[in-house]
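> In order, the protein sequences belong to chains A, B and C.
So the first sequence is numbered by numbering that gives the first Met the number 0: it starts at 0 and just counts up by one.
So the second sequence is numbered by numbering that gives the first Met the number 0: it starts at 0 and just counts up by one.
So the third sequence is numbered by numbering that gives the first Met the number 0: it starts at 0 and just counts up by one.
The hints are simulated quantities; they were obtained by calculation from the structure and are not laboratory data.
None of these values were measured; they are calculated from a predicted model.
Heads up, the beta-carbon is just placed ideally off N, CA and C, and yes, glycines get one too.
Fair warning: there could be bad hints in the mix.
Simulated crosslink set (EDC-like; lysine to aspartate or glutamate; CA at most 20 Å straight-line) [unchecked claim]:
id : chain 1 : residue 1 : chain 2 : residue 2
1  : B       : Lys40     : C       : Glu232
2  : A       : Lys66     : C       : Glu261
3  : A       : Lys71     : C       : Glu74
4  : A       : Lys66     : C       : Asp84
5  : B       : Lys93     : C       : Asp260
6  : A       : Lys71     : C       : Glu71
7  : C       : Lys73     : A       : Asp81
8  : A       : Lys66     : C       : Asp260
9  : A       : Lys66     : C       : Asp259
10 : B       : Lys97     : C       : Asp31
11 : A       : Lys66     : C       : Asp31
12 : C       : Lys148    : A       : Asp95
Now the in silico label distances, taken between C-beta atoms and shown as ranges [unchecked claim]:
id : chain 1 : residue 1 : chain 2 : residue 2 : range
13 : A       : Lys79     : C       : His67     : 28 to 38 Å
14 : B       : Lys61     : C       : Arg176    : 56 to 66 Å
15 : C       : Gln45     : A       : Lys75     : 27 to 37 Å
16 : B       : Gly66     : C       : Lys46     : 56 to 66 Å
17 : C       : Asn63     : A       : Gly61     : 44 to 54 Å
Given next are the chains, with one letter for each unit.
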Amino acid sequence: MASTIRVRATSSGETTEVQALIQHPMDSGFVKDAKGEVIPPHFIQELTFEYNGKSVFVADWGAAVSKDPYVKFSFKGGKKGDDLKISWVDNKGATDTATAKIQ
Amino acid sequence: MRTSTFVVTSVLLIAGATSALAAGSEADFKAAYAAAEAANKEAGSLRNQWTVTASALAAAKKAADAGDFDKAIASSKEAEALAKASIFQATSEKEAWKALEIR
Amino acid sequence: MRPVIHFASAALALAALAFTAVPSAVAADKPDPVADAKAFRNFFAQKFPKVKLEDFVNGPYSMNEDMHRQWEEKEQFPPYEFSLDMGKEMFSKPFKNGKSYADCFPNKGIGIRQNYPYFDAGEGKVVTLELALNRCREANGEPPFSYVKDEMAALTAYMAFTSRGKPFDIKIPDDPRALEAYQNGKRYFYTRRGQLNFSCATCHVQTPGERIRAEVLAPALGILNAMPIYRSEWSGMGTISRRFTTCNSQIRGVPLNPQDDEYRDLEYYLSYVSNGLPISGPGARP
């Protein structure tokens with residue numbers, strides 16, 4: 000199965016800029032379907048970016064984040080060719096992980 | 000004496016008013032609804048129905064089902080007016096559109 | 000409730016009166032699409048002299064600098080990517096009978112989106128890409144897709160992507176039926192409808208670059224070039240059919256069925272007057 004995480008990390012020497020697009024329904028639990036029944040909540044609760052074994056970005060998400068979330072941030076450091084690890088856990092306990100090389 | 004005459008007159012007037020209101024019957028509703036539906040159907044043949052017309056018709060039916068024929072008649076008349084307005088719009092726009100055209 | 004009806008009727012009556020005051024030189028005997036397209040382009044070029052012709056395909060992003068910057072960033076990781084990938088997969092997967100979409104289209108369906116819609120002389124009607132795709136499915140024993148989203152959006156996203164950069168190349172053959180379809184589409188575009196009494200032109204000719212509620216309006220020139228689009232408002236993809244039908248209901252007009260004649264003709268007109276502008280789909284919009 001294809002990964003749900005697409006990521007691009009670019010190092011400018013001092014800082015690394017990271018962009019990620021994550022495929023996830025992010026159902027808030029407040030929306031009803033065509034039959035009038037509530038679509039149960041199904042969203043990412045924790046999103047983590049790790050570099051050199053340390054978390055450089057952690058997001059605690061809830062129902063307010065929309066479908067297929069896009070994230071962009073920068074962190075100090077990060078060298079070209081190094082690995083950046085991304086993982087998420089959702090409220091149903093599902094997870095996904097991806098590793099990207101910093102460009 | 001005047002007070003009691005006044006009271007009696009008021010009571011009679013109120014009674015008269017109430018009985019006029021209570022005149023909305025199922026037959027009256029059916030006629031009003033049929034007229035509204037016919038107008039909306041004509042709008043449909045002109046490919047120009049309004050969503051609010053459909054809502055008014057639905058409201059009329061709902062009120063009738065609940066036995067409130069006065070409300071049902073009022074909604075039907077509203078639907079008919081909206082449908083007629085949409086017919087007027089379609090007819091007048093047959094020529095009026097040219098005024099907006101970029102030339 | 001009653002005052003609302005009277006207001007609407009009165010507003011219509013006033014509008015009708017205002018329009019009947021127009022000089023009679025508006026009547027044209029035979030439609031001249033070439034002249035129309037030229038006038039269309041000039042209108043928008045004059046209205047937005049700083050916008051390059053090919054940039055009109057970016058809709059509201061060509062109208063607003065701040066939005067343009069945000070959009071450029073977003074295009075590095077566009078929200079339509081998942082749909083596009085799905086479309087590519089779907090397009091190459093054969094039907095149960097062994098045939099595939101490639102068998103229904105010229106050049107195996109690659110790099111042809113800019114030729115749609117086209118006028119089919121045999122049928123005497125306009126054929127859009129969405130319509131052609133469902134016809135392809137049905138001809139090969141597969142059930143048709145909904146016209147408004149999901150699979151249809153994914154397929155048209157992929158086909159648009161293979162045509163990125165190619166200019167719209169809509170043809171109107173010298174056939175009175177084709178000219179009539181073009182004219183019908185044009186008339187639909189300028190005709191007011193719905194309780195709110197808007198025409199397509201009301202927003203996209205009279206007020207592009209300005210706001211309707213919180214949205215910046217796109218110009219009509221190049222408005223279909225980015226389709227299908229991932230729209231944040233929809234939290235998902237939508238096709239041309241989706242946009243036409245939802246536009247209708249937004250102005251309180253009951254939408255027609257997707258791919259009804261009026262919509263096919265409308266797409267024909269709007270695509271033709273954008274001839275020469277590049278396909279930019281699939282796109283992203285607020």
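> For a C-alpha distance cap of 20 Å, please report whether Lys73(C) and Asp81(A) respect it.
25 Å, violated
> Regarding the pair Lys66(A) and Asp84(C), is the alpha-carbon distance no greater than 20 Å?
17 Å, holds
> For the pair supplied as a hint, Lys40(B) and Glu232(C), confirm whether the alpha-carbon distance does not exceed 20 Å.
33 Å, violated
> Between Gln45(C) and Lys75(A), is the Cβ distance one that fits in 27 to 37 Å?
50 Å, violated
> For a C-alpha distance cap of 20 Å, please report whether Lys71(A) and Glu74(C) respect it.
13 Å, holds
> Okay, Asn63(C) versus Gly61(A) on CB: inside 44 to 54 Å?
31 Å, violated
> Does Glu71(C) sit within 20 Å of Lys71(A), going by the straight-line distance between their CA atoms?
14 Å, holds
> Regarding the pair Lys93(B) and Asp260(C), is the alpha-carbon distance no greater than 20 Å?
17 Å, holds
> Would the pair Lys148(C) and Asp95(A) pass a check requiring their Cα atoms to be no farther apart than 20 Å?
Between Lys148(C) and Asp95(A) the Cα gap is close to 27 Å, so the pair fails against 20 Å, i.e. violated.
> With 56 to 66 Å as the target window, see if Gly66(B) and Lys46(C) comply at their CB atoms.
Once the Cβ atoms are compared, 57 Å apart, the range 56 to 66 Å for Lys46(C) and Gly66(B) holds.
> Honestly, do Lys61(B) and Arg176(C) meet the 56 to 66 Å range at C-beta?
At 45 Å between Cβs, range violated.
> Take a quick look at whether Lys66(A) and Asp31(C) sit within 20 Å of each other, Cα to Cα.
Not satisfied, since the Cα-Cα distance of roughly 46 Å exceeds 20 Å.
Going down the numbered hints, you'll see the structure goes against 1, 2, 7, 8, 9, 11, 12, 14, 15 and 17, while the others check out.
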